[in-house]
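> What follows is each chain in one-letter form.
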Amino acid sequence: MNAKQTVRVTAISAILLAAAIIMHIAGWHDARQITLVTSTLIAGTPITIKSFKAIRMKAFSIELLVTIAVVGALFIGEYVESAVVTFLFLFGAMLEIRTMEKTRSSLKALTDLAPLEARVMRDGEILTVSVDNVEIGDQVIVRSGEKVPVDGPIISGTATLNEAAITGESVPASKMLDDQVFSGTLVEHGYIEVIAVRVGNDTTFARIIELVEEAQESKSKTEKFLERFATIYTPSIVLLSVLVYLLTRNIEMTLTFLVIACPGALVISAPVSIVAGIGNGARNGVLIKGGEVMEQLAKIDTIVFDKTGTLTRGRPEVTDVYGLGIEKEELLRLTAEAEMISEHHLGRTIVKEAKKRAIHLSNQPEDAEVVKGNGIMATVEGKHLAVGNRKLMEDQKIPIPSEMEDYASQREKAGNTAIFVSISREITGIISVADQIRPEAAEALAKLRKNGIKQMIMLTGDNRHTAQLVGEHLGLDEIYAELLPKDKVAAVQSLKEQGHRVAMAGDGINDAPAIATADIGLAMGEGGTDISMETADIVLMADRLDQFSHAYALAKATVQNMKQNTFFAVGTVFLLLLGVLLGKVFLASGMLVHEVSVLLVILNAIRLIRYTNDKPSNQKQSEVISDEPRITL
Amino acid sequence: MKKAVFQMEPFSCPSCVKKIEGALARANGVQKVKVLFHSNKVRVEFDEAIVAANDLQELIEKLGYPVLNLKVA
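Protein chains in written order, with our numbering: chain H, 1 to 633; chain E, 1 to 73.
Quick caveat, the hints were computed from the structure, so don't treat them as lab data.
Small disclaimer: the values here were computed from a predicted structure and weren't measured.
Where is the CB? At the ideal position from N, CA and C, for every residue including glycine.
Some clues are possibly wrong.
Rough simulated footprint, nothing fancy, chain E against chain H, three-plus residues with beta-carbon under 8 Å [to be verified]: (1) 81-89; (2) 95-106; (3) 213-219.
Start from the sequences, fold in the hints, and give me the full structure.
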């Protein structure tokens, strides 16, 4: 039976019930009885069919309990009970599906962003094809208002793109030649041509969807416990009801007991919260890999951060160019031309800065030599350049004037790396390069602390000066500098041994061992690098620390929500059974309360979808107001 | 080896999962079954020389669960 038929059957039985009420008032007893039996049979048939299908598969279903109860009720002539119970069961199941869909709406909103069609250039013609038919290497054209159908670099054109599907960040990003664009993102303005590098199920977007789907299936400890509980619970309820019958010889009470004890709200109480929570995270650019991760994250009290790329942008920038007897632009041009051969990130930063200032780099460096860890030497326009740190200058026996030395150490204390430039064995300038602290870092860390993190520690391979500066700026509790990857692992290990619950946040590859050691590993997604997305427990898709603080608050709210639901569900069943045994609750009214309790559990979980950490009052509320007080049994 | 994804009508109870998983796992040529309860999907890896995706769809529908659409990769 499909959804449409269910609605029809439920509606018919509702109409018949209403008719029966009118007949009751009119005093047409026989007509009323016939109507009630008809209603029971119409609504009962699909339930019975389903219960038999389950028996064939050797599965014990709630439908079976209801079928037994209804047959029993018909047998003892309780037609009102049988009609009401079948109707309530169908109607409740229908409402459950509808509301349950709401808890999944975040994921659905994401999958709805999936592109369907692509415009590709083949044999000089532009064809519109289904995304499934785009092949690697195809040249894809995307216009304003269209979705990018593949992952790949832009080969022509510029555009502003809304990348919310990938990063959760809805502020548009502008992209041009050679920039990567991702499937599922939306071109707001502009026109781009993209070469398809990843298509179909291999795109970052498709993998995110798959990871979220799997995360929602992976069960939390509470869920696993509840499921084990339910498998023991259902058969033992059947045994108990036999016992009730033997003790009371009351068929009606026995049947009521049987139906009321259905573990409906119990079984869904934990999963609905988790699904809603994971969905909320996914929409806000945080991939939380499953219910167990959610429960662990909520318990974290210590966070260990890597510095470069995590607390800072990981993209060094030139902060100052200082020339001695030479124009700044000229100094930058010569240095950049020499650094053209460099693969070191500082060298690249200088080249990038020169390009950014539209300085034309035309000369090829000659006799270039890379002095590993110290700098480079090269001849540009016949001038001999040495570019690098103090050590390089000492090795080359190039004297550093005290004025320049003072300037350099002053820049270093401000958190920069000072790069000395000498032309023809004379220091002619200093270029300062610094990595910037992420703009949202301070606020995000403050929020984490407010939400219950006790200790924040930075572990970095960088020098003490810079580490100290970042640490002080962000108010970290402890700072360990000049570490190797294995030292980081040891540090995380020892924190765990001291009894802390540790989360480690890093930018993926070099931090991977420490991330794996921690209770919870967080990785910056960087728009989806393979390793970080696969290994970490939590991925911050837009590389933003405020997503972390959101995730932490969300995890606490989700676990709280799950607890409310579980207590409520267990409490309801317990009180109902007690009511049945005391003769206060009957089949129809018990069924009603039971269905209402299931709906309340789902509604409570739905609140998580809109959960935000931004309004502090909101979080307070979610702790104080649960749905329990609303119902009186 | 092929991979089929069946998009189902919304599942209402976790017990459906067991039913579908059990029945498919017993079918000839099926290597791996995963029912995604929350995304209403059934993922099956199967040997196309032994069984066709349409046969699997028929099997799922016989259990009482309508398939909305089928994707084979």
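> How does the region 81-89 of chain H fare against chain E when you require at least three residues with a CB closer than 8 Å, holds or violated?
Three-residue rule not met by the region 81-89 of chain H, so violated; n is 0.
> Apply the coverage criterion to the region 213-219 of chain H and chain E: a residue qualifies when its Cβ sits closer than 8 Å to a Cβ of the chain, and three qualifying residues are needed.
holds (count 4)
> Against chain E, does the region 95-106 of chain H show at least 3 residues with beta-carbon separation below 8 Å?
Holds, because 5 residues of the region 95-106 of chain H bring their Cβ atoms closer than 8 Å to Cβ atoms of chain E.
Hint compliance for this structure: hint 1 alone is broken.
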